[in-house]
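Trainee: Go by the hints and put chain B onto chain A.
Protein chains: 2
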Amino acid sequence: MSGARARQAIRKKQHTGPTATLAPGFVQANLVVVPQADAADMRSLCARNPVPCPLLEELTAGSHRSRLAGGSDVRVDLSGYRLWRDGELVERASDAKAWWRGDLVTFLIGCSFTFESALSEAGLPPRHATCGVNVPMYRTAIPLAPAGKLRGHMIVSMRPYRAGDLERVRDLTRPFVEAHGEPVAWGYQNGLGIRDLSRPDEGDPVPFEPEEIPVFWGCGVTPQQVAIESRLPFVITHEPGHMFVTDLRHADLKRGRR
Amino acid sequence: MSGARARQAIRKKQHTGPTATLAPGFVQANLVVVPQADAADMRSLCARNPVPCPLLEELTAGSHRSRLAGGSDVRVDLSGYRLWRDGELVERASDAKAWWRGDLVTFLIGCSFTFESALSEAGLPPRHATCGVNVPMYRTAIPLAPAGKLRGHMIVSMRPYRAGDLERVRDLTRPFVEAHGEPVAWGYQNGLGIRDLSRPDEGDPVPFEPEEIPVFWGCGVTPQQVAIESRLPFVITHEPGHMFVTDLRHADLKRGRR
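So the sequence lines, in the order shown, correspond to chains A and B.
Going by this note's numbering, the first residue of the first sequence is number 237, and it counts up by one from there.
Going by this note's numbering, the first residue of the second sequence is number 237, and it counts up by one from there.
Bound conformation, chain A alone (with noise of 0.2 Å):
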């Protein structure tokens, strides 16, 4: 299936849950929608901590269509979304249509797809994927660079590795620049202050086998959550895992590909 062909089945409501194993080789990306008025702040947070927070696209203010995918519509082409005022959950939706405004501005954020489709043609797929849950994510104590408004800790995601096997992890994933890139810690004296690997923040527990070690990444989901935080009067974001599909290709995630 096509980056377009999933949209389509999203947008006519023929899928409606999460998208891992959607479109495989498209690129997916996490969605936050800011009014205008705080939009420089979140322009800033990305280019400041490119890791956590790598920006794929910022559409233009009230705009709908992304140029990463044709004939797009941010406010439909994603099976769940939810809106957020000064911090708080207020409503979820299947759709953000109701809740658009002419100074919204959407950003498109890179995600751990992207790697975890080189690691799995590697012959190292990551655990929650052959578990069939959700990656594990840990809040850590890794304070990003502040921008303006915005201000919050990186946000993890974990997947074990044998410790054999860190460097090529490393290797495998460093090129996809634009989706996190190569880890940020590794072992148990990572510094990120995470004090209970069998309960993440967000997602879900994954065991460890023998000779494992834990092996982090800047996680896509730190900039909807330094919004949240930020307690901006306005955010949408996508339902987790609910992402938005592309037409790029994880290659074009590469430095330099586009």
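Among the hints, a few may not be true.
Any copy, or any two copies together, can satisfy a pair, since identical chains are not distinguished.
The calculated lysine to any residue pairs, modelled on SDA-like cross-linking and capped at a C-alpha distance of 25 Å, are [said to hold, decoys possible]: (1) Lys385 - Glu465; (2) Lys385 - Gly400; (3) Lys385 - Leu428; (4) Lys385 - Leu355; (5) Lys385 - Gly492; (6) Lys333 - Arg398; (7) Lys490 - Leu295; (8) Lys249 - Arg467; (9) Lys490 - Gly323; (10) Lys385 - Asn426; (11) Lys490 - Leu291; (12) Lys490 - Glu294; (13) Lys490 - Ala377; (14) Lys385 - Gln425; (15) Lys385 - Tyr424.
Hints were generated in silico from the structure; no laboratory data involved.
Since we're looking at a predicted model, the values are computed, not measured.
Mentor: Quick look at chain B alone, frame taken from chain A:
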């Protein structure tokens, strides 16, 4: 004095000291030179950590001419150089010609003089400038996003400001995205892990006046410190404070200006 004149004076050994007060208005840069084998990691370190490591220019391998400075030669246009092997300082010199090799890649990194100029013009001169000492710098507990062989922690510079001036200080420095931009932290609950402000790791301590709090910015010595601590086999840096003076104006380092 223009940037070109400053470089000429340094090249002729007419100016041999720090460059802080030389050629006001012109952008100065930190210098890190590594062999081509380590250049991809340095490039990636800067891309992943743009706040402490804002990359102004990467020269092609072997080149000593910067596009940011007419007729320049980075081997002789600074007034002091250091050579590091495997993390150890092995030699100091007033030019780097004797150390030069065809495989060396020069990285020029933005410097705080740019935003300090904006602060001074707004009537908020940094304390170290009015005291005539070097800016205090501190190693922090904030891990950088690793890049291949390169791993380390953010180094910050600190300037005291009144809490009531903080938002103005943030606003004034935010636009200079290629020179560290707005502060990364402020106050005493800053999460940086600095034990004693009166004992900086580099530079000089500065006095606080009543109602002032410490304000911290990412510091451009970070990438050279990371190269050294990561024990790269061969690294050239400048003597602290002896920067590369370019032909750029400070306003050129605002977002989108070049």
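Trainee: Decide, hint by hint, whether the structure agrees.
Mentor: Against the structure, the hints:
{"no.": "1", "hint": "Lys385 - Glu465", "in the structure": "within (10 Å within a copy, 34 Å between copies)"}
{"no.": "2", "hint": "Lys385 - Gly400", "in the structure": "between (42 Å within a copy, 16 Å between copies)"}
{"no.": "3", "hint": "Lys385 - Leu428", "in the structure": "both (24 Å within a copy, 20 Å between copies)"}
{"no.": "4", "hint": "Lys385 - Leu355", "in the structure": "between (36 Å within a copy, 20 Å between copies)"}
{"no.": "5", "hint": "Lys385 - Gly492", "in the structure": "between (31 Å within a copy, 21 Å between copies)"}
{"no.": "6", "hint": "Lys333 - Arg398", "in the structure": "neither (46 Å within a copy, 46 Å between copies)"}
{"no.": "7", "hint": "Lys490 - Leu295", "in the structure": "both (21 Å within a copy, 22 Å between copies)"}
{"no.": "8", "hint": "Lys249 - Arg467", "in the structure": "neither (31 Å within a copy, 55 Å between copies)"}
{"no.": "9", "hint": "Lys490 - Gly323", "in the structure": "neither (34 Å within a copy, 31 Å between copies)"}
{"no.": "10", "hint": "Lys385 - Asn426", "in the structure": "between (29 Å within a copy, 16 Å between copies)"}
{"no.": "11", "hint": "Lys490 - Leu291", "in the structure": "both (13 Å within a copy, 19 Å between copies)"}
{"no.": "12", "hint": "Lys490 - Glu294", "in the structure": "both (19 Å within a copy, 19 Å between copies)"}
{"no.": "13", "hint": "Lys490 - Ala377", "in the structure": "neither (28 Å within a copy, 30 Å between copies)"}
{"no.": "14", "hint": "Lys385 - Gln425", "in the structure": "between (32 Å within a copy, 18 Å between copies)"}
{"no.": "15", "hint": "Lys385 - Tyr424", "in the structure": "between (33 Å within a copy, 19 Å between copies)"}
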